[in-house]
Amino acid sequence: MSLASTAPKAPGPSRGEPPRRAPSKPRRSGLDRLGPLPWIAPAVLLILLVVLWPVYEMVHTSFLRISSSGFVRGAAGLDKYRKLFAESDLGHVLVSTVIWTVTVVGLTMVLSLALAQLFNQQFPGRRLTRWALIAPWAASVLMTAIGFKWMLNQTAGVLNTAMTDLGLISGPQDWLGKPSTAWPWMMFVAVFVSLPFTTYTLLAGLQTVPGEVYEAARVDGASTWQTYRKITLPLLRPAFLVGVVINLINVFNSFPIIWGMTQGGPSSATATTTVFMYQLKDTDIGESAAMSVVNFALVVVMVLAFLKASRWKEDES
104 MSLASTAPKA
114 PGPSRGEPPR
124 RAPSKPRRSG
134 LDRLGPLPWI
144 APAVLLILLV
154 VLWPVYEMVH
164 TSFLRISSSG
174 FVRGAAGLDK
184 YRKLFAESDL
194 GHVLVSTVIW
204 TVTVVGLTMV
214 LSLALAQLFN
224 QQFPGRRLTR
234 WALIAPWAAS
244 VLMTAIGFKW
254 MLNQTAGVLN
264 TAMTDLGLIS
274 GPQDWLGKPS
284 TAWPWMMFVA
294 VFVSLPFTTY
304 TLLAGLQTVP
314 GEVYEAARVD
324 GASTWQTYRK
334 ITLPLLRPAF
344 LVGVVINLIN
354 VFNSFPIIWG
364 MTQGGPSSAT
374 ATTTVFMYQL
384 KDTDIGESAA
394 MSVVNFALVV
404 VMVLAFLKAS
414 RWKEDES
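Residue numbers (my numbering): 104 to 420.
Just so you know, the hints here were simulated from the structure itself, not pulled from any lab data. Worth double-checking, as some hints may not be accurate.
Said to hold, decoys possible - The calculated lysine-lysine pairs, modelled on BS3-like cross-linking and capped at a C-alpha distance of 30 Å, are:
(1) Lys186 <-> Lys384
(2) Lys252 <-> Lys384
(3) Lys252 <-> Lys186
(4) Lys252 <-> Lys281
(5) Lys281 <-> Lys384
(6) Lys411 <-> Lys333
Let the sequences and hints guide you as you build the complete structure.
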């Protein structure tokens, strides 16, 4: 007798019974078929309304001929872009914007790294100092800029009064009247208002690093600098990238600080692309819109280039 004949047979339908059908899957309702779309639809509509529609209007306006009173006089083609690139101040404004962005973001990230490392330690009064750091962030940026403008006023500013009384300067200085002194003060204010967000972003990243990693490095005999360079900075990379990208966008598009302190003057000597765009509005709305399009494109290119370079460095490591 073969083994095949003695093997137990799988149970099946008896004679005369219809074959059993596999249980059918329950039909999904129309709402289920949409998946998460009903839940994200309000956010998508908000993005379309608040972001994409203004971008469309900005690009569309740059190709129109608009009077100073706001009436459309017809299509302008590329005339507004030709007029923009023929502006004698444009090259200086672009260079100033690059220097402004790199300097402010660089100083902000370095100082925020130091402050985040400090606030991650235990010391008396740590909670109070953490709360104090929020003050520049909680206050209006424009209000902070105007406050510094009053402080630096040539005739009634407290800085001139104090420095004159201390014998540090011979007489009142027009700190915001000259680009050589106005730029450093505006950069100081920009770093001042950028520190809270960046510091807390990096502090949140530091607090996610497991303590066991530092203990293992200590056991292996790693120095403090080696631990910081080989462990802390690599693990802090996601928070650091978030801080850099957000600051690049905010500082590049910074308007309240410069407008509140100097309005980009004298002429356009202390203007960035955003302030220069606002200055052009008084003479040609179409040209101002063209500057807005160029500014938007520069921001996108700058952020994409930074993210690509960061990903390349990560692949190399």
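(Q) Hint compliance check: list the failing hint numbers for this structure, sorted ascending. (A) Going through the list in order, the structure violates hint 3 alone and respects the others.
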